[in-house]
Amino acid sequence: EAAVTQSPRNKVTVTGGNVTLSCRQTNSHNYMYWYRQDTGHGLRLIHYSYGAGNLQIGDVPDGYKATRTTQEDFFLLLELASPSQTSLYFCASGRIANSDYTFGSGTRLLVI
Amino acid sequence: QQQVRQSPQSLTVWEGETAILNCSYEDSTFDYFPWYRLFPGESPALLIAIRPVSNKKEDGRFTIFFNKREKKLSLHITDSQPGDSATYFCAAVGTGSKLSFGKGAKLTVSP
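Residue numbers (our numbering), protein chains in the order written: chain A, 1 to 112; chain B, 1 to 111.
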């Protein structure tokens, strides 16, 4: 069974701080996604990728960078964190288009 | 803009009743529609999914009805149980495998 592991589980940072959220999947899925979940907004796509070195812009990319270093690893970078980025972040992976997608356990980020 | 819309935002039903959650979309290139369920503190989990070649998909108490012409679909949960209380997300996969979600619908099943 595909596993998606996110780290850290919880993170607190100050406004203007630099944060990196990590995601690793262990089943050779080619697609990986980063979402933020906020009450009233559902799951909003930040960035996604279909392979190492590839990056696609999602629906709410402002303030976020992402990098897919390997097939397994997808990182979300907040270089100047703001309180508006306080959220629950989910990473997901999928094998091919239109297949089942597996989600990680989430990272709860608080920007104070 | 929201490409996948859900209604209602919240719904309360009695145990044993059928809950109906609605979804609509704009993009005609969407070709896969999964529904996810999210319990507090957990990860979104796939519940059931449908492709536009079908107009109905059943899995136990969960059924998707799909109307391609009107770009609408709905999730029916029959014999609702208190354990079904959760947030349900309609999603769609389009060009380039972009997986987009609606805002979610909070379902409460009262015993």
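By construction, these hints were calculated from the structure, which means they are not laboratory data.
Note that CB positions come from ideal geometry on N, CA and C, so glycine has one too.
Hints may contain errors.
[As the list claims (entries may be wrong)] Just the calculated beta-carbon pair ranges, DEER-fashion:
(1) A:S105 - B:P82: 23 to 31 Å
(2) A:G63 - B:T18: 39 to 47 Å
(3) A:G16 - B:K56: 28 to 36 Å
[As the list claims (entries may be wrong)] Here are the computed lysine-lysine pairs in the DSS-like style, where the Cα-Cα straight-line distance is at most 30 Å:
(4) B:K57 - B:K72
(5) A:K11 - A:K65
(6) B:K68 - B:K106
(7) B:K68 - B:K57
(8) B:K57 - B:K106
(9) A:K65 - B:K103
(10) B:K68 - A:K11
(11) B:K68 - B:K103
(12) A:K11 - B:K103
[Said to hold, decoys possible] Covered by chain A, per the in silico footprint, the following chain B stretches (three or more residues, Cβ under 8 Å):
(13) 55–66
(14) 97–105
- Measure nothing beyond the straight line between the CA atoms of K57 (chain B) and K106 (chain B); if it is 30 Å or shorter, mark the hint as holding. Distance of about 22 Å is within 30 Å: holds.
- Item | Coverage claim, chain A over the segment 55–66 of chain B, checked by counting residues with Cβ within 8 Å (three needed) | With 0 residues in contact (Cβ-Cβ under 8 Å with chain A), the coverage given for the segment 55–66 of chain B is violated.
- Is it true that the CA of K57 (chain B) sits at most 30 Å from the CA of K72 (chain B)? Distance of about 14 Å is within 30 Å: holds.
- Query: Given the hint that K68 (chain B) pairs with K106 (chain B), does the C-alpha gap stay at or below 30 Å?
  - Reply: holds, 25 Å
- Query: When you check the alpha-carbon spacing of K68 (chain B) and K57 (chain B), does it fall within 30 Å?
  - Reply: holds, 14 Å
- Task: For the pair supplied as a hint, K11 (chain A) and K103 (chain B), confirm whether the alpha-carbon distance does not exceed 30 Å.
- Result: Given pair K11 (chain A), K103 (chain B) holds - Cα atoms ~25 Å apart, limit 30 Å.
- Is the hinted pair K11 (chain A) and K65 (chain A) satisfied, with a Cα-Cα distance of at most 30 Å? holds, 17 Å
- 30 Å limit on alpha-carbon distance, applied to hinted pair K68 (chain B) and K103 (chain B): holds, 21 Å
- Query: Is 28 to 36 Å right for how far apart the beta carbons of G16 (chain A) and K56 (chain B) are?
  - Reply: At roughly 52 Å between Cβ atoms, K56 (chain B) and G16 (chain A) fall outside 28 to 36 Å, so the hint is violated.
- Message: So is the segment 97–105 of chain B in contact with chain A by the C-beta rule, three or more residues under 8 Å, or is the coverage claim wrong?
- Response: It holds, with 8 qualifying residues against the three required.
- Do the alpha carbons of K68 (chain B) and K11 (chain A) lie within 30 Å of each other, as the hint requires? violated, 43 Å
- Query: Holds or violated: 23 to 31 Å for the Cβ distance of S105 (chain A) and P82 (chain B)?
  - Reply: The hinted range 23 to 31 Å holds for S105 (chain A) and P82 (chain B), with Cβ atoms some 24 Å apart.
In the structure shown, a violation is registered for the earlier hints numbered 3, 10 and 13, in ascending order.
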